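> In case you want the letters, here they are:
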Amino acid sequence: MSLDSLTLLTIVLMALATYATRAGGLWLASRLALSERAEAWLDYIPGAILVSIVAPVVLTAGLAEALAALAVILVASRTGNLPIAMVTGVLAVLLLRTLV
Amino acid sequence: MTDETAVTFTWRGALEGAKRCLPIEISGFAIGLVFGVLAGQAGLSVAESVLMSALVYSGAAQFIVLGLWAAPLPVLGIVLTTLVVGLRHLLMGAALSPFFSKLGRLKAYGSVYFMADENWALTMSEFSKGRRDAAFLLGGGVAMFLSWTTSTLIGRTVGGALLDPERWGLDFAFTAVFLALLVGMWRGRSDLLPWAVAALVAVAAHQWLPGQWYILLGGLAGSLAGAVRRES
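Line order of the protein sequences matches chains A and B.
Each residue of the first sequence is one higher than the one before, counting from 1 in our numbering.
Each residue of the second sequence is one higher than the one before, counting from 1 in our numbering.
It is worth saying that the hints were derived from the structure and are not from the lab.
Treat the hints with care, since some could be wrong.
Unchecked claim - Computed, partial: chain A to chain B, Cβ under 8 angstroms:
#	residue
1	S2
2	L9
3	A15
4	Y19
5	L42
6	V54
7	L99
8	V100
Claimed, not checked - The calculated label-pair distances, taken between Cβ atoms and stated as ranges, are:
#	chain 1	residue 1	chain 2	residue 2	range
9	A	T98	B	W11	40 to 46 angstroms
10	B	L68	A	L91	20 to 26 angstroms
11	B	Q41	A	T79	18 to 24 angstroms
The structure presented is a predicted model; accordingly, all values stated were derived computationally and were not measured.
Just so it is clear, CB atoms sit at the ideal spot from N, CA and C, and this is done for glycine as well.
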């Protein structure tokens, strides 16, 4: 169990940087009196962030990923069941990667 | 999104969060194993690897900085990279604020320590369905935290010949989870423009910019497009 002091310092600074970003948005947004416009903006953030996370994988990674994504969307909209949709995606991508 | 419903913070909500995040805890466990293995290869000791997973608790940041980990340690570069990778949290925290600003300080600022993309997304999806138990975020986050730190420890100590997530399709697990959540969040045609803008900007930024800027930029562009369109 060794701990190098420079490594430790780096990890602690990383932790502070990450926590600052985790707390900062909440802190700022709850401090400002939000206009209706700002509330509309907050309302659109979750969808826009999730789309941004998945779009490069779904649209540019390849045919297997695109088709697996389609399978996930189909299963999720039919069942509304998150674990089932996830397993479908994993199995579909596994299978499709061997095929395409 | 002004609502009169009181925001609660209960054990039941926390347990529900831990339960609903189970698929993510499992796939996160596999990713944590890989992180442990790579951390060892980058020269981090067992204690250092686990400490990083516990204190930083951000898969994206941790994997990226391993690529920078070399003697002499580029401390400033590593910390700045971590900051940039975390910037998306600012947006996520802002989206939580209509609900979390109604909680006490300790609950709100303690909970966001455990805010990761996945439990945040599930929490927002709960809120969008009208449920108002904010402990959902903490419950899911603590469970994912335990999975992440334990798997880092196992990956770092047992190491080596474990698994390659890509070989098992597990790298796609997170994409699948986010897609399924998106399906539930779809409110109709009003989401089309912000989502299309987000996708376009994210793909372009992913192509041309390093690291994780694409999430922040796509999220900003998409949500602003939605807000501006609602004006007119």
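> Evaluate each hint against the coordinates.
Status of each hint after checking the structure:
{"no.": "1", "hint": "S2", "verdict": "holds, 5 angstroms"}
{"no.": "2", "hint": "L9", "verdict": "holds, 7 angstroms"}
{"no.": "3", "hint": "A15", "verdict": "holds, 4 angstroms"}
{"no.": "4", "hint": "Y19", "verdict": "holds, 6 angstroms"}
{"no.": "5", "hint": "L42", "verdict": "holds, 5 angstroms"}
{"no.": "6", "hint": "V54", "verdict": "holds, 5 angstroms"}
{"no.": "7", "hint": "L99", "verdict": "violated, 13 angstroms"}
{"no.": "8", "hint": "V100", "verdict": "violated, 14 angstroms"}
{"no.": "9", "hint": "A:T98 to B:W11: 40 to 46 angstroms", "verdict": "holds, 45 angstroms"}
{"no.": "10", "hint": "B:L68 to A:L91: 20 to 26 angstroms", "verdict": "violated, 35 angstroms"}
{"no.": "11", "hint": "B:Q41 to A:T79: 18 to 24 angstroms", "verdict": "violated, 40 angstroms"}
Violation of the numbered hints given earlier is confined to hints 7, 8, 10, 11; the remaining hints are satisfied by the structure.
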